[in-house]
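K.L.:
Can you build the whole structure from these sequences, using the hints too?
Each residue of the sequence shown is one higher than the last, beginning at 1 in the UniProt record's numbering.
Honestly, I wouldn't trust all of these hints.
[To be verified] Computed spacing ranges between beta-carbons, pair by pair:
#1 Q158 with K266: 16 to 22 Å
#2 L270 with W185: 41 to 47 Å
#3 W185 with C34: 36 to 42 Å
#4 K313 with R32: 15 to 21 Å
#5 K104 with E249: 49 to 55 Å
#6 P173 with K104: 54 to 60 Å
Just so you know, the hints here were simulated from the structure itself, not pulled from any lab data. From the three backbone atoms N, C-alpha and C, an ideal C-beta is built for every residue, glycine too.
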Amino acid sequence: MTVEAPGRALKLEPIRSIKKAPVEEFYQSGHRTCQGCLSALPMRLMAKAAGPRTIVLGTTGCMYVANTTYMTTPWVVPWMHTQLGAAGSAAVGTSAGLKALMRKGKMKDEPINVIAFCGDGGGADMGLSAISAALTDIEYNLLIFLYDNESYANTDIQTSGQTPWGAVTTFSPPGKKFRIMQRRWKKNVPGMLAAGHPDTRYVASGTPAIPVDMMDKVRSALRAGGPTYIHVLDPCPKGWHYDPEHSNELGKLAIETGIYPLYEVKDGVLNFTGITKQIAEGRRRRKPVREYLEKQGRFAHFKNQDYAYFQKKVDEMWEQWIIPCVVAFSYGGPINITGDIPKVRNRNVKRENASWAGEPGHSHEQFAETPDEPQEPWRDDNELGRYPWALPSTGQ
Numbered sequence: 001m002t003v004e005a006p007g008r009a010l011k012l013e014p015i016r017s018i019k020k021a022p023v024e025e026f027y028q029s030g031h032r033t034c035q036g037c038l039s040a041l042p043m044r045l046m047a048k049a050a051g052p053r054t055i056v057l058g059t060t061g062c063m064y065v066a067n068t069t070y071m072t073t074p075w076v077v078p079w080m081h082t083q084l085g086a087a088g089s090a091a092v093g094t095s096a097g098l099k100a101l102m103r104k105g106k107m108k109d110e111p112i113n114v115i116a117f118c119g120d121g122g123g124a125d126m127g128l129s130a131i132s133a134a135l136t137d138i139e140y141n142l143l144i145f146l147y148d149n150e151s152y153a154n155t156d157i158q159t160s161g162q163t164p165w166g167a168v169t170t171f172s173p174p175g176k177k178f179r180i181m182q183r184r185w186k187k188n189v190p191g192m193l194a195a196g197h198p199d200t201r202y203v204a205s206g207t208p209a210i211p212v213d214m215m216d217k218v219r220s221a222l223r224a225g226g227p228t229y230i231h232v233l234d235p236c237p238k239g240w241h242y243d244p245e246h247s248n249e250l251g252k253l254a255i256e257t258g259i260y261p262l263y264e265v266k267d268g269v270l271n272f273t274g275i276t277k278q279i280a281e282g283r284r285r286r287k288p289v290r291e292y293l294e295k296q297g298r299f300a301h302f303k304n305q306d307y308a309y310f311q312k313k314v315d316e317m318w319e320q321w322i323i324p325c326v327v328a329f330s331y332g333g334p335i336n337i338t339g340d341i342p343k344v345r346n347r348n349v350k351r352e353n354a355s356w357a358g359e360p361g362h363s364h365e366q367f368a369e370t371p372d373e374p375q376e377p378w379r380d381d382n383e384l385g386r387y388p389w390a391l392p393s394t395g396q
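P.N.:
Here it is, written out as structure tokens:
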């Protein structure tokens, strides 16, 4: 039996090209985001794709502060602020309230979108349990929309569970003794939620740098029925230290290098989309991760050994995971899955009771002897014009 609530899911047509996108705007001028901030664009595209019969809930974060200054707001649709970590619970409560009012005849029984947005700090960290709980309440229609700028950007760029390995934040500054202070690999939130919530009908990743793909996924989520989740990569000039004009370029480079994949899991079936699909099918080669990393001041302290380690980890994800970018296990890896040709994922984990125990693997220190070039493109010597693709030094 299919349970629908509140009312019915809106019948939204797919957006296959920019010409199919709605003209109406439901997130307009008046916000106070930073120059070049890409966070306002996913809000605009999300609202445009969802349409006027939508209620938006926003947790504390960049998009709360920027959108509610001096009793004004750019939201044209109904909007409500909720607390840090409360995106999941606020979405369920709103959807349940609408369902009850419709059942009692106190409001018209009609399809209404319920969308709760959150940042990576408020969603992938503090709000993860509430999002997980919301995705198990299959009788409620709702969308959790996480915009990921890879830090606690609203409170001065602290490290979050989404901060990439090696990145500079106010909590992970490089020093003379330890150049790399952020040693955790980025948490795989959309893959984790898709794998751990089999009743959730739609989970996807996107970025406003590929707007048609993102809008189409918003509509797919809203018409799927039940709780859904979309994870959106959101370059941040202030936190990532780059010229604001490069926001869109960096969003695309994250996909082209294979660091951030585009995919959707619809009714348990995974589909790669766009550039990621071309890479997965072998029709396109991944760009070196260095092209993405060296354009950001938060990686200005990187040496060649750091680029080599980062590239190794991304290659491992694409070549050895059961499902590249999504399911972080491989044959003979940290769980006891065996096959004719075992593969290694986490080589530093030794399983004594497994049929194949693995072997010692690489670490960052393994690349310590990697020589640096005499001229380094992320340093001030780029003024010589030898590295035209590198951005100016940020002084870090």
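K.L.:
Each hint needs a verdict: does it hold in this structure or not?
P.N.:
So, going through the hints one by one against the coordinates:
1. Q158 with K266: 16 to 22 Å: violated, 35 Å
2. L270 with W185: 41 to 47 Å: Violated, at about 21 Å.
3. W185 with C34: 36 to 42 Å: About 27 Å separates the Cβ atoms of W185 and C34, which means 36 to 42 Å is violated.
4. K313 with R32: 15 to 21 Å: violated, 37 Å
5. K104 with E249: 49 to 55 Å: Since the Cβ atoms of K104 and E249 sit about 51 Å apart, the hinted range of 49 to 55 Å holds.
6. P173 with K104: 54 to 60 Å: 56 Å Cβ-Cβ, so the 54 to 60 Å window holds.
Violation of the numbered hints given earlier is confined to hints 1, 2, 3 and 4; the remaining hints are satisfied by the structure.
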